[in-house]
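Can you build the whole structure from these sequences, using the hints too?
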Amino acid sequence: MTQRALGLAMAAFAALAATSAAHAQDACALDLGRGWPPATENYGSAVEQLFFAGGKPVLSMTRLPARSVESGVQLYAGEGEGDWRLRFTEADERVEVWSGGKRELRVGQQPDIVEVPMPAALARRVVADWQRALSTQVPADRVAQFHEGEVLLFVVGETATGEPLRVSGLQPGCGPAAQLMEQVGLMIEATDDSDEKRFKRWRKLEESLDELEQSLTGATG
31 MTQRALGLAM AAFAALAATS AAHAQDACAL DLGRGWPPAT ENYGSAVEQL
81 FFAGGKPVLS MTRLPARSVE SGVQLYAGEG EGDWRLRFTE ADERVEVWSG
131 GKRELRVGQQ PDIVEVPMPA ALARRVVADW QRALSTQVPA DRVAQFHEGE
181 VLLFVVGETA TGEPLRVSGL QPGCGPAAQL MEQVGLMIEA TDDSDEKRFK
231 RWRKLEESLD ELEQSLTGAT G
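For the sequence shown, our numbering assigns the number 31 to the initial residue and increments by one for each residue that follows.
By construction, these hints were calculated from the structure, which means they are not laboratory data. Given the structure is predicted, the values throughout are model-derived calculations rather than measurements. Any given hint could turn out to be false.
[What the hints assert, rightly or not] Listed below are the simulated DSBU-like cross-link pairs for lysine-lysine, each with C-alpha atoms no more than 35 Å apart in a straight line:
# : residue 1 : residue 2
1 : K86       : K230
2 : K86       : K234
3 : K132      : K86
4 : K227      : K86
Here's what the structure looks like:
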């Protein structure tokens, strides 16, 4: 399975999770926390630096799988009111490998990058809604925990300290945070669409953001 196909599978799972979450809010427990999980920062930073290539995305979601190649989605601001850049990035070969009991971080490679324009208003809305969702669903005093398997790294916007909000952990499967995964899937799909199909994808993303905002209002109301 390609990473883009995996993204579509993630979106399908998230859609089911978001639907059931409405009936199970009280039982929802997220394995997400603020900052870097223990023993993850060196690896995660290496992947992010490889994917960002000196740029500074306003929003990113990076996937650190247990065995397959790493991948991620990034949003870069445009100039003025111009379109933003939506990027899907996938490592050419797995960054973290172990050989002879030693870890190697293969950052000298050229990752596969697909980039498409995204309407500025929609991109800003994604950033604002993601920042609201992550900041309200993951309390500031909940630190990220170590996990053996796949880990997701969310980085978005800025906090009151001027630093971006970083949240890490397992894929959310309930509550408003699960809808972020549906949106990741839609953005990955958009990078593989024609211009006409991409317009329809933006409409679906707007609808998903509407649902996320309603969920957040219910969760905090």
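Hint-by-hint comparison with the structure:
no.	hint	in the structure
1	K86 with K230	28 Å, holds
2	K86 with K234	27 Å, holds
3	K132 with K86	31 Å, holds
4	K227 with K86	28 Å, holds
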